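Sequences listed follow chains C and A, in order. Mapping the first sequence onto this note's numbering, position 72 (from 1) lands on 72, and the numbers just tick up by one. Mapping the second sequence onto this note's numbering, position 84 (from 1) lands on 1084, and the numbers just tick up by one.
Incorrect hints may have been included.
The list that follows gives simulated cross-link-like pairs (lysine to aspartate or glutamate, DMTMM-like), each with its CA atoms no further than 20 Å apart [as the list claims (entries may be wrong)]:
| # | chain 1 | residue 1 | chain 2 | residue 2 |
| --- | --- | --- | --- | --- |
| 1 | C | K6 | A | E1545 |
| 2 | A | K1271 | C | E32 |
| 3 | A | K1271 | C | D35 |
| 4 | C | K6 | A | E1548 |
| 5 | A | K1223 | A | E1307 |
| 6 | A | K1494 | A | D1245 |
| 7 | A | K1223 | C | D35 |
| 8 | C | K2 | A | E1548 |
| 9 | C | K2 | A | E1506 |
| 10 | C | K73 | A | E1548 |
| 11 | A | K1410 | C | D35 |
| 12 | A | K1223 | A | E1235 |
| 13 | A | K1031 | A | D1109 |
| 14 | A | K1313 | A | D1245 |
| 15 | C | K2 | A | D1357 |
| 16 | A | K1494 | A | E1475 |
| 17 | C | K74 | A | E1235 |
Some chain C residues near chain A, calculated using beta-carbon distances under 8 Å [claimed, not checked]:
| # | residue |
| --- | --- |
| 18 | S3 |
| 19 | L13 |
| 20 | F30 |
| 21 | L34 |
| 22 | I37 |
| 23 | G40 |
| 24 | L44 |
| 25 | F46 |
| 26 | Q50 |
| 27 | F62 |
| 28 | Y64 |
| 29 | L67 |
| 30 | N69 |
| 31 | Y77 |
| 32 | D78 |
| 33 | E79 |
Honestly, the hints are just simulated from the structure, not real lab data. Model, not experiment: these values are computed from the prediction. Yeah, the Cβ is synthetic: ideal placement off N, Cα and C, and Gly gets one too.
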Amino acid sequence: MKSYWKTNLRYLLILLSIWFLVSFGAGILFREELDTIRIGGFKLGFWFAQQGSIYVFVILIFVYIRLMNKLDKKHGYDEE
Amino acid sequence: MSIQTWTWILVGITFTLYIVIAIWSRASSTKEFYVAGGGVSPLANGLATAADWMSAASFISMAGIISFGGYDGSVYLMGWTGGYVLLALLLAPYLRKFGKFTVPDFIGDRYYSNTARSVAIFCALLVSFTYVAGQMRGVGLVFSRFLEVDITTGVIIGMIIVLFYAVLGGMKGITYTQVAQYCVLIFAFMVPAIFISIQMTNNVIPQLGFGGVDESGVYLLDKLDGLHRELGFAEYTSGSKSMLDVFMITAALMVGTAGLPHVIVRFFTVKKVADARKSAGWALLFIAILYTTAPAVAVFSRTNLIETVSNVKYENVPEWFKNWEETGLIKFEDKNGDGKIQYVADIAKNELTVDRDIMVLANPEIANLPNWVIALVAAGGLAAALSTAAGLLLVISSSVSHDLIKKMIKPEISEKGELIAARTSAVVAVGVAGYFGIHPPDFVAATVALAFGLAAASFFPAIILGIFSKRMNKEGAVAGMVVGILLMLFYMTKFKFNWFGGGTKEDWWFGISPEGFGTIAMIVNFIVSIIVSKFTASPPKEVQEIVENIRIPSGVGKAQNH
């Protein structure tokens, strides 16, 4: 139980840091700096704010699902 | 065939579909009425959550807001999707494990207090009512433009449909109609977007198209920035809000999203904890399809609009311009009398006002797409508005019948009696929502933002602390919620309705807009909760055991009826 919860909290910390970095970081705080870099027609900061962050959000949740399913199994908390 | 005929056909088909599903999946017990029996598959729940979440605002208004705000519109894109990460990681699995029917249920039980429960019920009702009025308005708007009936008739037709399947089917009926509504609305959003993307950039994928080049080889975004500079607007890709305000609004919307009761209850409908995580993933994936397309639609329609009307002689404007003028949502006033439309940032010289809400609805017409596509957008807008309205009505009815009547006023009520109470309160709620849809108070637009701020300032800290802190007690949670809500209400009413002496933009605290203030109120809630809990007694042992228990995903099954 203790180690399950600890690992869970560690996953949360890592995943939420990425969550913060791509949205508040790349899309807002460092937007102007990133806007000097261009990918095709997109300025990078603008792209993160309107596209990139959303893609990363989706990936983060699916990574979390995988990690937790594995962790559940390891501790015998998975059902069926 | 005309647009109107097409619209009647498509709206007729989709409405029939919703009713058939409602009859097929009607609820026969309170458990089916509140949480669809608790056996919905993660995929179906993901689809339903996506439809539940994407309201008339997402479907009709959002692309328009981005279109006029450019980069500033990013707050909605990140805010309304990023909240799902918080939901999936911090709330959904634990609330599912807790296994009750509603959010006030969790607050009331976790904080062993009917005061906490009452505060939660008040917030749930306030948030849901302000939200649902906006949905009914969206229904009215679509009906009046495309079917040329007046807004009142439109709202009444919408009310009857929602009434039918929400009252009959409860959560079970709503879930399966929402699955159908997601399919309708995403198809309706994507088809015109893809058409226009091909038209303007030769790219089938709108998400890539708006970073592409037009027929003359210029990047679309550069062209739009150029047009904006020429007409005196802020550059499209830079926007005009301050960084701090963008930060605060995004955070408030994210946290507000994660605290909205009609979204949270959807995670009570799946079988086990792993399914709750999975459905949050599916939900965001389905939402992301629309949310990554919307900024592309915004760029296409903005460019199209400027190119079609700027400096064009009024007698030469296309058909759609006149159609929308009749609804009063486009206005042209020839200030300098040259017979041409001047669309510029300078208010004294600008001659054109375009309502942001019409961009998505008018977009297919502006791009000259076939009539059936235009009609499809109407059906999609209705699906978006109805699915969200139904979800909210369910929260309202379960707050009244379950949290208020069963848990507080009359605990001995029978299963059958509670079901009747749930249905009756749904009927009353539809009536009230319809009334506000027909006679929208001026503050509807303002109060939708308030709904997010309130959810952020009240529920979110109470739920998070309830899960992640065993030490959090009822005194802390209640104090935090009350202070958070009052602070939020004070700031909103001061700057939106001019109460408490009012104030202008210059008077905003630290330059934070009322939309972004939810973040501050939430932080204050956290601080107050933690400090108060330090100076008051620890929660009882049973409650600490509940917290231990919700952190472990297995053994969900039994926690249902009570």
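Structure-based check of each hint:
1. Taken as a hint, the C/K6 and A/E1545 pair is honoured in the structure, with Cα atoms around 18 Å apart against an allowance of 20 Å.
2. Straight-line distance between C-alpha atoms of A/K1271 and C/E32 comes to about 45 Å, which puts the hinted pair past the 20 Å bound.
3. Distance restraint check for A/K1271 and C/D35: the Cα-Cα separation of roughly 45 Å exceeds the 20 Å cut-off, and the hinted pair is therefore not satisfied.
4. Between C/K6 and A/E1548, the direct Cα distance comes to roughly 13 Å. Compliance with the 20 Å bound is thereby established for this hinted pair.
5. A distance of roughly 11 Å separates the Cα atoms of A/K1223 and A/E1307; the hinted pair therefore holds under the 20 Å criterion.
6. In summary, the hint linking A/K1494 to A/D1245 is supported, as the alpha carbons are separated by about 18 Å, within the 20 Å threshold.
7. Taking the CA atoms of A/K1223 and C/D35, the gap is near 16 Å; set against the 20 Å cutoff, the hint holds.
8. The suggested pairing of C/K2 with A/E1548 holds, with an alpha-carbon distance near 10 Å, which does not exceed 20 Å.
9. With a CA separation close to 51 Å, the supplied pair C/K2 and A/E1506 exceeds the 20 Å bound.
10. Between the alpha carbons of C/K73 and A/E1548 the distance comes to roughly 19 Å, so the proposed pair stays at or under 20 Å and holds.
11. Between A/K1410 and C/D35, the direct Cα distance comes to roughly 60 Å. Violation of the 20 Å bound is thereby established for this hinted pair.
12. Annotation: proposed proximity of A/K1223 to A/E1235 holds, straight-line Cα distance about 11 Å (limit 20 Å).
13. Taking the CA atoms of A/K1031 and A/D1109, the gap is about 18 Å. The hint holds against a cut of 20 Å.
14. Taking the CA atoms of A/K1313 and A/D1245, the gap is near 39 Å; set against the 20 Å cutoff, the hint is violated.
15. A C-alpha spacing of about 51 Å is found between C/K2 and A/D1357, which places the hinted pair above 20 Å, so the restraint is violated.
16. The suggested pairing of A/K1494 with A/E1475 is violated, with an alpha-carbon distance near 28 Å, which exceeds 20 Å.
17. This hinted pair does not check out: C/K74 and A/E1235 have alpha carbons roughly 53 Å apart, beyond 20 Å.
18. Because the closest C-beta pair between C/S3 and chain A is about 12 Å apart, greater than 8 Å, the hint is violated.
19. A least Cβ separation of about 10 Å between C/L13 and chain A goes past the 8 Å threshold, and the interface hint is therefore violated.
20. Interface restraint check: C/F30 against chain A, minimum CB-CB distance 10 Å, threshold 8 Å, status violated.
21. The criterion of a C-beta within 8 Å of any C-beta in chain A is not met by C/L34, whose closest approach is roughly 12 Å, and the hint is violated.
22. A distance limit of 8 Å between C-beta atoms decides the matter here; for C/I37 the minimum to chain A is near 13 Å, and the interface restraint is violated.
23. Using the Cβ-Cβ criterion of 8 Å, the hint placing C/G40 at the interface with chain A is satisfied: the shortest such distance is roughly 5 Å.
24. This hint is violated: C/L44 has a C-beta 11 Å from the nearest C-beta of chain A, more than the 8 Å allowed.
25. Taking 8 Å as the C-beta contact cut-off toward chain A, the hint placing C/F46 at the interface holds, the least distance being around 5 Å.
26. Look at C/Q50: its Cβ gets to within about 4 Å of chain A, closer than 8 Å, so that hint holds up.
27. Hint on C/F62 holds. Least Cβ distance to chain A is approximately 5 Å, under the 8 Å limit.
28. Satisfaction of the interface hint for C/Y64 is found here, the shortest Cβ-Cβ separation to chain A being roughly 6 Å, below the 8 Å cut-off.
29. Below 8 Å, beta-carbon pairs count as interface contacts, and C/L67 has none with chain A, the closest being about 10 Å; its hint is therefore violated.
30. Among the interface hints, the one on C/N69 holds; its C-beta lies about 6 Å from the nearest C-beta in chain A, closer than the 8 Å criterion.
31. The interface hint given for C/Y77 holds, since its Cβ lies 4 Å from the closest Cβ of chain A, which is under the 8 Å cut-off.
32. Using the Cβ-Cβ criterion of 8 Å, the hint placing C/D78 at the interface with chain A is satisfied: the shortest such distance is roughly 7 Å.
33. Interface restraint check: C/E79 against chain A, minimum CB-CB distance 5 Å, threshold 8 Å, status holds.
Against the hints set out earlier in the document, violations occur for numbers 2, 3, 9, 11, 14, 15, 16, 17, 18, 19, 20, 21, 22, 24 and 29.
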